[in-house]
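Top line first, the protein sequences correspond to chains S and C.
Take 1 as the starting number for the first sequence in the numbering used here and just add one per residue.
Take 421 as the starting number for the second sequence in the numbering used here and just add one per residue.
FYI, nobody ran anything at the bench for these hints, they're computed from the structure.
The C-beta atom is built at its ideal place from N, Cα and C for all residues, glycine as well.
Since no wrong hints were added, every one of them can be taken at face value.
With a Cα cut of at most 27 Å, we get these calculated DSS-like pairs of lysine-lysine:
# : chain 1 : residue 1 : chain 2 : residue 2
1 : S       : K51       : C       : K583
2 : C       : K583      : S       : K52
3 : S       : K155      : S       : K22
4 : C       : K497      : S       : K47
5 : S       : K22       : C       : K583
6 : C       : K583      : S       : K155
7 : C       : K583      : S       : K47
8 : S       : K155      : C       : K497
9 : C       : K497      : S       : K73
Sample of chain S residues at the chain C side, in silico, Cβ under 10 Å:
#  : residue
10 : L48
11 : G49
12 : K70
13 : A75
14 : Q77
15 : T136
16 : W153
17 : M154
18 : L276
19 : G386
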Amino acid sequence: MGQTIAEKILAAHTSGEVASGKLVEVQVDMVLANDITAPISIREFAKLGVKKVFDRSKVALVPDHFAPNKDIKAAEQCKALREFAKRYGIVNYWEVGRMGIEHVLLPEQGLVLPGDVVIGADSHTCTYGALGAFATGMGSTDIAVAMATGSIWMKVPETIRVIYRGERQPWVGGKDLILYTIGLIGVEGARYQAIEFAGPTIAALPMSGRFTMSNMAIEAGGKAGLFEVDEATRSYVEGRAHRSWTAYDADPDADYARVVEIDASEIELQVSFPHLPSNARPAGAAGTIQIDQVVIGSCTNGRWNDLVEAARVLGGRQVHKDVRCIVIPGTQEIYLRAVREGLAAAFVEAGAVFSTPTCGPCLGGHMGVLAAGERCVSTTNRNFVGRMGHVESEVYLAGPAVAAASAVAGRIVGPEEVLD
Amino acid sequence: MAALLRGRAWKYGDNVDTDAVIPARYLNVSTPEALAEHCMEDIDAGFAQRVRAGDMIVAGANFGCGSSREHAPLALKGAGVSCVIASSFARIFHRNAINIGLPILECPEAASASETGHMLEVDLEQGTVTNLDTGQTFEAEPYPPFLLGIVEAGGLIPYTRAKLGA
Chain S
1 MGQTIAEKIL AAHTSGEVAS GKLVEVQVDM VLANDITAPI SIREFAKLGV KKVFDRSKVA
61 LVPDHFAPNK DIKAAEQCKA LREFAKRYGI VNYWEVGRMG IEHVLLPEQG LVLPGDVVIG
121 ADSHTCTYGA LGAFATGMGS TDIAVAMATG SIWMKVPETI RVIYRGERQP WVGGKDLILY
181 TIGLIGVEGA RYQAIEFAGP TIAALPMSGR FTMSNMAIEA GGKAGLFEVD EATRSYVEGR
241 AHRSWTAYDA DPDADYARVV EIDASEIELQ VSFPHLPSNA RPAGAAGTIQ IDQVVIGSCT
301 NGRWNDLVEA ARVLGGRQVH KDVRCIVIPG TQEIYLRAVR EGLAAAFVEA GAVFSTPTCG
361 PCLGGHMGVL AAGERCVSTT NRNFVGRMGH VESEVYLAGP AVAAASAVAG RIVGPEEVLD
Chain C
421 MAALLRGRAW KYGDNVDTDA VIPARYLNVS TPEALAEHCM EDIDAGFAQR VRAGDMIVAG
481 ANFGCGSSRE HAPLALKGAG VSCVIASSFA RIFHRNAINI GLPILECPEA ASASETGHML
541 EVDLEQGTVT NLDTGQTFEA EPYPPFLLGI VEAGGLIPYT RAKLGA
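So that you can see chain S by itself, here it is in the shape it has in the complex (with noise of 0.2 Å):
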């Protein structure tokens, strides 16, 4: 019998037998925490009573989430970060101007290649898999354990494979393929599996929206999301790795629990309604849903390409006088390159916020906090209850181009609908 991708990694990182439903001690190659994550890990950690993490270069810990400190407790929680890196000699930290957030920073400094083994005390660390890594969410007392010994116990998982076939529609990216996927299969679709992308339609999608997919298996249920390496992967780590990697493909008579085959061509611009992400509808079917705040970045869609396709509807014209459109990049990077490409231009005359990097809004932190009542589309990942603010706040999730043309409109629309 063949494996899957997920078995083929572990199995390169671990002694035991590998086969799905089999618990494994793996080697991990990054361990990651953020500022509201880390400072349990720490606490944890310092019980082990180890005096030394396993690898100072194989920790990474990213101050994003409430920084820019938003108060004076994740003042003390962004403290408690910097204070433990600066004791362990952490390699992998950036102080606020430099850091970005943690899963558009990891990929693009290199520091997860393909055929990695990574876990982070964060759901999306899923992200990580369009480059062909078995990354995955763990807890903070999971990665005080990996910090100090450098592996960590998991089950082998199944692998649903889902197999996208046809040509895109116009503005059609990763978002709307994910969004419309959860929406098949919905949020426990693949609880406790790993999810395989494949077919034609994605060998054809850029990285940037690889990103986006892998990062929202968790919204499954997924324990990881991944892709098959191939030239777009090549072209995107080479340059960034410092390191030799390698590329495990799946055999073709791996043993699925699933196959799920779309026909992607037939899926328009997608809006996952409140509350759940499963709720996915066609943009265009969305009727007349008037909005207060539109965020464009995050984890799932602050890469450069990202922002590009928000420019070319906001571009030249002007967030309704009735919004609030908050564009937040998501690394240093990123945010440079706009300011010298003239996007951050583009954004501020159109009457955005164009912001530092921070996960801030997405999670009801700051920048970006909605009042009771209050609707926003956002390029996020998670629609829940009270998830950007007041418990009646609502969140639509889509991808750049339907956030930009709703903050254009006023109310959800593709960008068909404000493009002359």
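Let chain S serve as the given structure and place chain C on it in line with the hints.
Chain C alone, transformed into the frame defined by chain S:
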């Protein structure tokens, strides 16, 4: 670990996410006591005030979906919740609960046959849930031996300490 737990049920539906268990706006603190003050706030505003030590959460499918925040099981533990019984659990919540020593049981039958206010008794060694109001007893999905080792050690930290010989 207390083998026999007894407490009143608090019943919730499917897909109770971690933002519901502890909203992200309160994640600027991390102690169980501080988090407990806002536990379940957005789906059950009175929970934190009315929950009593030993009470149990009973829920449908995919309990704890969403973020990886360990603050969710910590908030429940801080609130005095002795056990979570659900039809199924989201993966990361499942790990986190085991790792911090919050007992959880996967038992769809017990979940659907229990209502808010019912008095439940959980035998962790036997893996059974008894509804004292209806007299019914249900068998939960047993832990695999490896996980049982972590549970019996009191969580992943003491388990790892023992392994490291600390």
